[in-house]
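**Q** Given the structure of chain A, go ahead and fit chain U onto it with the hints provided.
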Amino acid sequence: MIWTIAKKEFLEKIFDFRVTISFVIAIILATVVSVVVGDEYATQKAKYDAMVAEAQGIGKEIKVYSQFRSEVVLPPSPLCVFSKGIDLPTPLAVPISPQRVPKYDVSLAVENPLMKVFDSLDLVTVFRILFALLAILLTFDTISGEKELGTLRLLLSSQVSRRQMLVGKAAGSIMVLAAVATVTTAFGLLTVQAFANLLFSFHQFVQASLFLVTTILYLTIFAMIGTFTSVICQRSSTSLVLALFAWFFIAVVQPEINTFLASELSPVSKLEEIQSALDQPSQAVYEEFGRLEKENASFLNDPTGYKKRFRGVHLQTGVGSAKIYPVVTDGDFQFLEYLIKQVALQRKLVDAASEEWRIYHHLYIEPLDKQLAIRRSLDNFSPAALYRRAASLFSSTDIVHYEGFFDNARKYRNECVAYLDEKGVFTSNAQLYFSRLNKADVNPVDTERRVAQYQADKNSIPWVEQQSPLDLRDAPVFRASTMSILTLIERAGSTFALMLLYLLLMAALTFHYVEKYDIR
Amino acid sequence: MIFVEQRESGMFRSLVWKEILDHLLSFRFVAGLLFVFALFIASSLIFSKKYAGQYADYRQQQQAQEAALDVSKGGLQRLYRARVPTMKEPRLTLFFASGNESRFPQSLTVVPSASSRGGLYAGMNIAAQRSNYKLDSYHDFDIVFIVGVVLSFLAIVLSYDGISGERARGTLKQQLSNPIFRIQVVLAKYAAILIPLLIPVVLGSLVCVIVILLQTGQNILFLYPLQSLLNTVLSALFLSIFVWLGLWMSAATSRSVTSLSLLLLVWTFIVILSPSLGGMVAQRFHHVSGQADYDRKFQQFVNEALRKAPAAYSDYYAGKQSEQGWKDIEQFFETQNTVMEGMVVSRFNELLGQAETADRFNFFSPYGAFRQSVERLSNTGLSYHKKFFDASLRYRHTLASFIKETDLRDQESSHRLIPFPGMLSISTKPLDPNQIPRFALPSRQVSMMDLQNALPGILYLVFANIVAFFLTIGTFSRADVR
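Which chain is which? The protein sequence lines are A and U, in order.
Residue numbers for the first sequence follow this note's numbering, so the first one is 2 and each next one is one higher.
Residue numbers for the second sequence follow this note's numbering, so the first one is -7 and each next one is one higher.
No lab work stands behind these hints, which were simulated from the structure alone.
Mixed in with the good hints there might be a few duds.
[Claimed, not checked] Partial list, derived from the structure: chain A residues whose beta carbon lies under 7 Å from chain U:
(1) D17
(2) R19
(3) V20
(4) V37
(5) V53
(6) A56
(7) N113
(8) L122
(9) C234
(10) S238
(11) S264
(12) V269
(13) Q372
Note that beta-carbon positions come from the ideal geometry of N, C-alpha and C, so glycine has one too.
Okay, chain A solo, but in the shape it has when bound (with noise of 0.2 Å):
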C-alpha cells in the first residue's frame, strides 16, 4: 500500500510545473558552473602538470648537499563542481626548504584580487537553496491539501494506517527529489568531463555519489519540513508561508549568519602585527652571524687574504647564501674554523625556523581556528551548513584537505631536514669538501684530523663545476596522501550522524501529530 501511494505522488509529482521550473533552472546553472569549473580546471591541470615536472627537475644536478631544494605542488580538484569549499588558489607550489616551514601565504598566487568580489556557484549552493526549496514546494500540501480538496477522509476511510499514508506520501516526494538531484548531478560530472577533457576514477565516482546520498538525505529533512507543517496547519497556504520561513533562514540565512558571526566575534591578527614577534629567532642567529664576522673582520677583509686565494662559485639555490668555496687551501686553519662555526650557525637557523613556525601557529594560525571552531559549532545547528561541510569534505575541497597537505609537506620538510643532518652538512660554504666526509669529521674538535685529511685529499678535490652530480635516490620522497574513502565516511559521520538526527526529529514530530491530526 505505502508503495502504491508513493507511486502515485511521484508520478503525480514528477510533471509538476515547479519540479520542471527548478529542474531547467538548475540544469542552466549546472552547465554553466561546470562549463566554467571544467575550463578553470583543465588549465590548473597543466599548470600543474608543468609545475611538478619542473619540481622534479628541481633536485637532478645538485652537486652539494647545501643545493638540495624541493617543491611540493597540491593538486587541483576536479570535483569543486560540487563544492568549491574554502577558497585557495590551486595549483599550489610550496618550496621546501630546511630553513623555512612550509604554510600557507595568502600572496602566492592569487590571479586578479579584485575578482574576489564576486561569489561564484557551484552545485552545492544550487542544491542547498533551489533544490531545498523544490522539497518545500512539493511537500507543503501533503495532509493540507488533501484535506482541501477533500479527499484525506477518503484516504483514511482505506486500510492505510496514517503512519502509512504519511510514509508513501513523503517517499513519493523524496523519489521524485532524488531523481531530479540525481540527473542534475549526472549532467554536472559528464559535463566537467566534457569540458576539462578528463575521466573520473573510481574513488572520484565514488566520491561525487557519496555526494549525491548527501544531498538526498538533506533535502529529505526539507521534504520533512514541509510535511510536517502541512500536518500542523489547515489551510494550505499558511503551510507554505510558514515552510518558506523555515526554508528562508536555514537554507539562505543561516550559514552565512555562521561565517559572518564566527569572523566579526573573534578577533585575528595581521601579519604585519606579529612580524617583529615571528623574526626574533632567526634575528638572534643572524646576530650570531654578525659576531661571527667581527671575530674574523682581520682576515676576512684582508685584501690578500681569503677573497684572493678562494675561488668562489655563486650557486642559484634560493637557500641562504651558498656562495661554495672548494674549500681550504694550505691548511688555514682560521678560515677553516670560520666555515665550520657558519656550518652550525646555518643549521642554528634551521631550529629558528621551526621554532618561527610555533610562535606564528600560536599567533597567527590559532586564532584563526578558533574562529573556525565557533563556525563549526554554529554549523552543528544549521542542516545547510553541516550539507555543505560534507559536500566540500567529498569534494576534497574542505580545510581538512588542504591543511592535510600543508601537514604533509612539513613532514617532508623535517624528513628532508634530518636527511641532510644525517648527511653531515648544511648549507654554507663549507659544503664541497664536507659533503664529500663522513658526518664524524664535521667536527670542530677533530681538525688535526681533518686537516690531514684535505692534506691527503688536496689534489684529488675537483672544483665544483666539475663534480659529478649527487646520488639522491636516499633522499626522502614528498608523497601525497589520498584520503581512503573509508577516511572520507569516517570524517563524514558526525556531519551525517547529525543530518540524521535533525531528519529523525522532524519525522518524529511529524508523525506525533498525524496520529494527533483531527480531521474535522
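**A** The following block gives chain U in isolation, referenced to the frame of chain A:
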C-alpha cells in the same frame, strides 16, 4: 460628477487603509518584521565593533604614513626614496553596502622616486588584512543584503495572494463592484504592501543610527544625508519591483499557492543565484594575463631599459662624471618612470576590466543593479577602489613635484633627481613636516560623478518597475473575475 470623484478618492483611501491594517496584523508580516529588526540590530552592533577595529587600523596606518614622511634626518633625499603607505578610510557608509571590501586590498605603497613598479606597489596581495583564509567567503549583513534578500523575500510573501487570495475568497467580485477603477484596486494593494515594507527599512536604519551613534559617536543619517535618502529611495524602488511581480503573478494565476511557488523560483534565481554568475562568466570570457607573466614582463622591461641607458650611465661606473651626463641620466629615468607607471596603471585597468565585466553581467539581475548603485552612491566597493587607486597615483605625482620644486629652491643642492643610490643627490636640509603634502582621501560625500555612475542602475530599476506595473495592470484589467 464632483460628488462621485470625492467618493472615489475616499473609497481609495479607505481601501489602502484597510489593506495596510490587514498586512500589519498578519502573522507573516509580524514574523518577518521581528526577524528584520533582529538582523538590523545584530548587524549594526557587529558593524560598529568592526568599524572601531577598522578605525584603529586606519590610525595605525596613518602613523606609519607619518613615520615614512618624517624626514628630519635626510631631508628631501630621504623623502624621495621613502615608501609611503596610503590606506582606505573606514567609512560609515560601508554599512549601507559593504561592497565586500574585506576581500579587497586595503592599502597601497607610494614611492616618489618610482624606481620600481612605477612607484606604486599595487598592493595586490590581501595579506595585510584581517581575513581568515580558513573560512568560506560570506556576505556582510549590510543594508543592501537585508533589503535585497530578506525584505524582497518578505515582499513576495506579502504580495503573492494580493489578487488571487481575494478571488479565492470571493471578495474580489465585491471589491470590483464598487465605483472604483481596477487600476485603483491594484494601486491600493501595491501601496498597502510597499508602505509596511518601508517601515522596517526606515525604522531599522534609525535603530542602526542609534546603535552606531552609541557605539562609535558618529551617525550615518546626519553625516551622509543625501546618501541615506538615495539609499532609501533605491530600496523602495527595488522592493517595489517584487511587489509588482507578486501582484502580477497573483493576477495571472488562479491559485495563490501556484503564484507563490512560481514567484519563489523566480526570486531564488534573481536574488540568490544569478548574482554569482557574473564573476564566473567574466572568468571564463574575459581573460587577464597571470600575475607571474606580468611580473616577468615588468622585470624584462626594467632590464632592457638599463641596457638602453645613455652612455653617461656606464661612464658613471667607469668613474667619469659630467654635468651633461647627469642631465642625460635624469632625463632617461624620467622617461622610463613614465613608461613603468603606465605599465602599472594599465595592469590595474586590466584587472579592473575583468571585474567590471562581471559587474556588467550582474547588472542584468535587479539585485545586482541595486547593489551596484548603492555601492556607487555610498563610496564603497569596486568604484571606490578605483578612486583610491587614482588618489594614490595622484599623491605620488604631488610628492614628486613637491620634491622637485623644493629642491630647486635649495642653492646648495646639486639637483640630481636620479632614483639610484649613489647617483641621487638632492637637498638634505631638514624639512618642515607640515610642508610635505599629505595623502588626500577620495571625498566622502556623493559627487555628481557618483550620481552619474549610479544613474544606469537607478534607471534600470525604474524601468523594471514600469514594466512590472504595466504587466500587472494589463493582466488584471483583462482578468476574468469568475
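**Q** Run every hint past the structure and note whether it holds.
**A** Checked hints:
With its C-beta approaching chain U no nearer than about 9 Å, A:D17 sits outside the 7 Å limit, and its interface hint is violated. At about 5 Å, the closest approach between the beta carbon of A:R19 and any beta carbon in chain U falls short of 7 Å, and the interface hint on this residue holds. The interface hint given for A:V20 is broken, as the beta carbon of that residue sits about 10 Å from the closest beta carbon of chain U, more than 7 Å. For A:V37, the suggested interface contact is upheld, since its CB lies about 5 Å from the closest CB of chain U, less than 7 Å.
Evaluation of the A:V53 hint against chain U yields a violated restraint, the C-beta minimum of about 17 Å exceeding 7 Å. Hint status for A:A56 relative to chain U: violated, with the closest Cβ pair at about 16 Å, above 7 Å. Among the interface hints, the one on A:N113 holds; its C-beta lies about 5 Å from the nearest C-beta in chain U, closer than the 7 Å criterion. Interface hint status for A:L122: upheld, as the beta-carbon distance to the closest one in chain U is roughly 4 Å, under 7 Å.
For A:C234, the interface hint is violated, since its Cβ never comes within 7 Å of a Cβ in chain U; the closest pair sits about 11 Å apart. Evaluation of the A:S238 hint against chain U yields a held restraint, the C-beta minimum of about 5 Å falling below 7 Å. With 7 Å as the threshold, the beta carbon of A:S264 comes within range of chain U, its nearest partner Cβ sitting at about 6 Å, so the hint holds. The closest approach between the C-beta of A:V269 and any C-beta of chain U is roughly 5 Å, which is under the 7 Å cut-off, so the hint is satisfied.
With its C-beta approaching chain U no nearer than about 5 Å, A:Q372 sits inside the 7 Å limit, and its interface hint holds.
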